[in-house]
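These protein sequences, in sequence, are chains Y and U. Under this note's numbering, the first residue of the first sequence carries the number 2, and numbering increases by one thereafter. Under this note's numbering, the first residue of the second sequence carries the number 2, and numbering increases by one thereafter.
Simulated from the structure, these hints should not be mistaken for lab results. As the structure is a prediction and not an experimental result, all values here were calculated from the model. Watch out, some of these pointers could steer you wrong.
A pair holds if it fits inside one copy or across any two, identical chains being indistinguishable in the list.
[What the hints assert, rightly or not] Straight-line alpha carbon distances no greater than 30 Å define the calculated DSBU-like cross-link-like pairs of lysine-lysine that follow:
no.: 1; residue 1: K60; residue 2: K74
no.: 2; residue 1: K16; residue 2: K60
no.: 3; residue 1: K74; residue 2: K16
There are 2 protein chains.
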Amino acid sequence: GHDWRCIDEHHLEKKYDFPNFRQALDFTNRVGELAERQGHHPDIYLAWGKVVLTIWTHKIDGLTESDFIFAAKADQQLNQH
Amino acid sequence: GHDWRCIDEHHLEKKYDFPNFRQALDFTNRVGELAERQGHHPDIYLAWGKVVLTIWTHKIDGLTESDFIFAAKADQQLNQH
Chain Y
2 GHDWRCIDEH HLEKKYDFPN FRQALDFTNR VGELAERQGH HPDIYLAWGK
52 VVLTIWTHKI DGLTESDFIF AAKADQQLNQ H
Chain U
2 GHDWRCIDEH HLEKKYDFPN FRQALDFTNR VGELAERQGH HPDIYLAWGK
52 VVLTIWTHKI DGLTESDFIF AAKADQQLNQ H
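Between the sequences and the hints, there should be enough to build the whole structure, so can you do that?
Below you can see the structure in the form of structure tokens.
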């Protein structure tokens, strides 16, 4: 597995692996719905068998508590198949 | 608007703009379903108000006719709200 990485003290990034495109797309949708509920939108890179999330707070162009909360909630979406 | 760009004769890339996250997520899903139907999967970069598609043929690590067909079909998904 992979862990969250803090890049340049500016954003959080994590790569998730999946066995196919469908499951990566499903996770993208769960994270997308979470983003709409939270009013906090990550960048989502979706490819065959993987999703990379990048999270930061656009208003300050850096990290706030909201980003770490979103990261934790994104991980929870993995277990909600 | 933006057009398809052919990068390094290796892949096709296009940026689509949307007025919000929801419409970008919806387009991601339409392209994702197209990918599953075609058995040809682009990389999809989804962010607030935009989607960037990157298309190439992994088997030859370059462009084939399938990529141009997929690009045209991806554009058609824009008009299927």
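Here is how each hint holds up against the structure:
1. For a Cα distance limit of 30 Å, the shortest separation of K60 from K74 inside one copy, 21 Å, qualifies, whereas the shortest one across copies, 36 Å, does not.
2. For a Cα distance limit of 30 Å, the shortest separation of K16 from K60 qualifies both inside one copy, at 24 Å, and across copies, at 23 Å.
3. In the homo-oligomer, the alpha carbons of K74 and K16 lie at most 30 Å apart both inside one protomer (15 Å) and across protomers (28 Å), since each shortest distance falls under that limit.
In this structure, none of the earlier numbered hints is contradicted; all agree with it.
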